[in-house]
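Listed in order, the protein sequences are those of chains C and A. Quick note: the first sequence, position 81, residue 80 per numbering that gives the first Met the number 0, numbers continuous. Quick note: the second sequence, position 91, residue 90 per numbering that gives the first Met the number 0, numbers continuous.
For the record, the hints were derived by calculation from the structure and aren't laboratory data. Because the structure is a prediction, the values reported are computed rather than measured. Every residue, glycine too, gets a C-beta built ideally from N, C-alpha and C. Hints may be right or wrong, so weigh each one.
Covered stretches of chain A (in silico footprint by chain C; criterion: 3 or more residues with CB under 8 Å from a CB of chain C, positions within the stretch not fixed) [said to hold, decoys possible]:
(1) 20-29
(2) 96-105
(3) 155-165
(4) 170-183
(5) 268-281
(6) 294-302
What follows is a set of in silico ranges between Cβ atoms, one per label pair, in the way DEER data are often shown [to be verified]:
(7) A:ALA133 <-> C:ASP79: 29 to 35 Å
(8) A:ALA116 <-> C:GLN274: 50 to 56 Å
(9) A:ALA198 <-> C:LYS418: 33 to 39 Å
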Amino acid sequence: MRSTPRGLSQRRRGRLLKVVGAVFAAVAALLLIVAPASQATSPSPTPSPSATTFQNSISGFLRGDDRAPIADVTITAKKDDFTGTAKSSANGAWTIGVPTQGTYVVELDESTLPEGIKLAEGQENPREVTFSQTSNLSVIFAFGEGIVVQQQDFGQNLINRLVAGLSFGLLLALASVGLSLIFGTTGLTNFAHGEMVTLGAVLVFAFNAMNLPFWLAIVLALLGGGLFGYVQDAGLWKPLRRRGTGLVPMMIVSIGLALAVRYVIQFFFGGATQQLPFAQSAEIQLGLISISPNNLWSLVISAVVIAILGIVLLKTRLGKATRAVADNPALAAASGIDVDSVIRIVWVTGGMLASLGGILWAYYRPGVTFDMGSQILLLIFAGVTLGGLGTVWGALIGSIIVGIFVELTTVFGLAADLKYVGALFIMIIVLLIRPQGILGRRERVG
Amino acid sequence: MDFGFIFSSAAGELFSPTTAAYALATLGLAVHFGYAGLLNFGQAGFMAVGAYGFAISTLTFGAPFFVGLLIAVVCSAIFALLLGIPTLRLRADYLAIVTIAAAEIVRYIVTTNQLTAVTGSANGLAAFEGDFYAMNPFPPGSYMGMNNRDFFIRIVAWAVVALFCTLVWLLMRSPWGRVLKGIREDENAVRSLGKNVYAYKMQALIIGGVLGALAGMIFTLPRGAVQPANYGTELTFFLYTCLLLGGLGTVLGPVVGAMIFWVVLSLTQGILYGLIESGAITWLNTVQAGQLRYILVGVALMLLMIFRPQGVLGNKKELAFA
Numbered sequence: 000m001r002s003t004p005r006g007l008s009q010r011r012r013g014r015l016l017k018v019v020g021a022v023f024a025a026v027a028a029l030l031l032i033v034a035p036a037s038q039a040t041s042p043s044p045t046p047s048p049s050a051t052t053f054q055n056s057i058s059g060f061l062r063g064d065d066r067a068p069i070a071d072v073t074i075t076a077k078k079d080d081f082t083g084t085a086k087s088s089a090n091g092a093w094t095i096g097v098p099t100q101g102t103y104v105v106e107l108d109e110s111t112l113p114e115g116i117k118l119a120e121g122q123e124n125p126r127e128v129t130f131s132q133t134s135n136l137s138v139i140f141a142f143g144e145g146i147v148v149q150q151q152d153f154g155q156n157l158i159n160r161l162v163a164g165l166s167f168g169l170l171l172a173l174a175s176v177g178l179s180l181i182f183g184t185t186g187l188t189n190f191a192h193g194e195m196v197t198l199g200a201v202l203v204f205a206f207n208a209m210n211l212p213f214w215l216a217i218v219l220a221l222l223g224g225g226l227f228g229y230v231q232d233a234g235l236w237k238p239l240r241r242r243g244t245g246l247v248p249m250m251i252v253s254i255g256l257a258l259a260v261r262y263v264i265q266f267f268f269g270g271a272t273q274q275l276p277f278a279q280s281a282e283i284q285l286g287l288i289s290i291s292p293n294n295l296w297s298l299v300i301s302a303v304v305i306a307i308l309g310i311v312l313l314k315t316r317l318g319k320a321t322r323a324v325a326d327n328p329a330l331a332a333a334s335g336i337d338v339d340s341v342i343r344i345v346w347v348t349g350g351m352l353a354s355l356g357g358i359l360w361a362y363y364r365p366g367v368t369f370d371m372g373s374q375i376l377l378l379i380f381a382g383v384t385l386g387g388l389g390t391v392w393g394a395l396i397g398s399i400i401v402g403i404f405v406e407l408t409t410v411f412g413l414a415a416d417l418k419y420v421g422a423l424f425i426m427i428i429v430l431l432i433r434p435q436g437i438l439g440r441r442e443r444v445g
Numbered sequence: 000m001d002f003g004f005i006f007s008s009a010a011g012e013l014f015s016p017t018t019a020a021y022a023l024a025t026l027g028l029a030v031h032f033g034y035a036g037l038l039n040f041g042q043a044g045f046m047a048v049g050a051y052g053f054a055i056s057t058l059t060f061g062a063p064f065f066v067g068l069l070i071a072v073v074c075s076a077i078f079a080l081l082l083g084i085p086t087l088r089l090r091a092d093y094l095a096i097v098t099i100a101a102a103e104i105v106r107y108i109v110t111t112n113q114l115t116a117v118t119g120s121a122n123g124l125a126a127f128e129g130d131f132y133a134m135n136p137f138p139p140g141s142y143m144g145m146n147n148r149d150f151f152i153r154i155v156a157w158a159v160v161a162l163f164c165t166l167v168w169l170l171m172r173s174p175w176g177r178v179l180k181g182i183r184e185d186e187n188a189v190r191s192l193g194k195n196v197y198a199y200k201m202q203a204l205i206i207g208g209v210l211g212a213l214a215g216m217i218f219t220l221p222r223g224a225v226q227p228a229n230y231g232t233e234l235t236f237f238l239y240t241c242l243l244l245g246g247l248g249t250v251l252g253p254v255v256g257a258m259i260f261w262v263v264l265s266l267t268q269g270i271l272y273g274l275i276e277s278g279a280i281t282w283l284n285t286v287q288a289g290q291l292r293y294i295l296v297g298v299a300l301m302l303l304m305i306f307r308p309q310g311v312l313g314n315k316k317e318l319a320f321a
């Protein structure tokens, strides 16, 4: 770059600016198309005003897992000597006016629940809630299938968590294989990969809200993810590679992109958690294992997709070309491989895989939020680093280990809100012992 | 639209304690990334360690102010040591991933309900600033439109920033600083001169981390509360934006960068809100206006990195990367 003549560098600069703009225009346009529909069809219901004489209120909606409102349930809120009570109305809404903000104990009277409806397993009741800044505090109670909660034995729990962890690990692998391929072929550690994950789930939600059939929404979301990968490479990363931008600057550019895209998504999608269709499902019993059908589907889909990807990489000309570029781009170019088009295909594939991972992640959590991808970005990194940066099989194995580890730590007594810590921690430990990762090669560590 | 109010609140951001905290944390990043070439993506973690180290030692152990300060600094130095041991021998992107992971580990640990008694979990901790304000030499009254507390914290915050800017400036002129810059340019060349590169990198990591911890304290003191949600990965990325705005390998760059960052954020908020209130913009609501500003931060970070990586004050020859 420093050696290029000034005129040329300025022209390039202008072109680069244009393409950077184009990336944003494309993302914004994509979201613009879908945003009005999503806003139109998912109104955020406001609780009906009841006897609210105070300025602050605690409120919420009672809805069963079939989204049907639950009426005539008594809920109380207590703080010091103040006690407020409310009954849910016909549309499931309840509001308790409270004199001051602060911490309240909210309790749902389970004896007033209709026949066959029970609080979901693990739903804390009564529980403490605290106001933060706003004058209204919404409290959500989740309802399960009305199954009597059984005490599971340890072995049973272990097997269930193992299978859930495998399902989680495979969906992580979808994202991390793409990340690893991109790293292998371009050297870029892409911090915007989390947003590529989010985009898949957000697009499914948006297309579904436009009343498109579910399968079409999924297909369009995958295509949208691929398109995002394409636009990113064509508009941003290829021009940067042409300029000879270093890897560390590119990493920081990807952080800027991640921030921008995350807030663009929030701009259109809002800060709320939304659910995809069929998000709630009862667990089914498969031999010894009890698993929700969604998790089972997720496991099967990701396993099949990864198997297909593996066959493509190992058997086809394209796969061989990809591996050659990952190994040594200059040598690959000298042997007649079109390096740029291979990288382009890797970006499109990576975008589609990340989208699929995002859709499955939306079902695993469950819920769609604007920051769902960045929540698992570090787990994806952990999977990739564990397996060895730049290796596809390493990313697969690393992600499965991370997924299972995250799920198993809760069985062995680690609190649920610390389960990601374990995965990040073993990543650091593995770097101490075997920096190149499980399948990585020594010379990459440098 | 009340331009007078918009500009005066933007000007108020110039010397706010938050700007000072950003400037100090960014100065730490300048030591890490600008001078030593270490890609630390966990500065938010250092700030959290500082803030929580101080708050917990004050609230749980009843430590006086300066003891709490010392504990916070020591904690951040230990944190830097723990991070440095596995990663400083590896390539830059490993350090980046490990530091960002470690910062998130810190955030998860202070958020967990298991430790509510000590960390206050998601609600955080409050009311630990009493000792600090008890030292306030200014009697109650109005100082340039501020009350004595606000005035005191500003004086202290910017005095600390000035002190550490001077210290970093002196350090980087010293032989030690020259070796550090040499490591940034070519690690192997410095190693061949017989210098212990690993030790120099570790010292730089600790110094920058301690600056981060002090910044974390300055960040929390005026709020009188520390909450884990403030110490997410975004904070580190905002600090990088400040650093790139001001200039990587400079002492005043972080200060200038933090000032520009906050003034621009305040101006865009004031102008957008004004336009929305006056009905000139109808396609935005105030929540979205807030998000629009952060979209701009992301775009600014990208464009700066691509087109002006040396920032406002930097020298292109002094970049931590080729």
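**Request:** Verify the coverage statement for the stretch 268-281 of chain A against chain C, using a C-beta to C-beta distance below 8 Å and requiring 3 or more qualifying residues.
**Result:** violated (count 0)
**Asked** Checking C-beta pairs, does the stretch 155-165 of chain A have three or more residues closer than 8 Å to chain C?
**Response** violated (count 0)
**Prompt:** Does the Cβ pair ALA116 (chain A), GLN274 (chain C) satisfy 50 to 56 Å?
**Reply:** violated (35 Å)
**Asked** Counting residues of the stretch 96-105 of chain A with a beta carbon closer than 8 Å to any beta carbon of chain C, are there 3 or more?
**Response** n = 7 at 8 Å, threshold three: holds.
**Item:** Check of the stretch 294-302 of chain A against chain C for coverage (Cβ-Cβ below 8 Å, three residues minimum)
**Value:** Coverage by chain C holds for the stretch 294-302 of chain A (8 residues, Cβ < 8 Å).
**Asked** How does the coverage statement for the stretch 170-183 of chain A fare against chain C, requiring three or more residues with Cβ below 8 Å from a Cβ of that chain?
**Response** violated (count 0)
**ALA198 (chain A) paired with LYS418 (chain C), Cβ distance criterion 33 to 39 Å** = holds (36 Å)
**Request:** Note whether the CB distance of ALA133 (chain A) and ASP79 (chain C) lies within 29 to 35 Å or breaks it.
**Result:** holds (30 Å)
**Coverage of the stretch 20-29 of chain A by chain C, judged on three or more residues with CB within 8 Å** = violated (count 0)
Of the numbered hints given earlier, the model fails hints 1, 3, 4, 5 and 8; all others are met.
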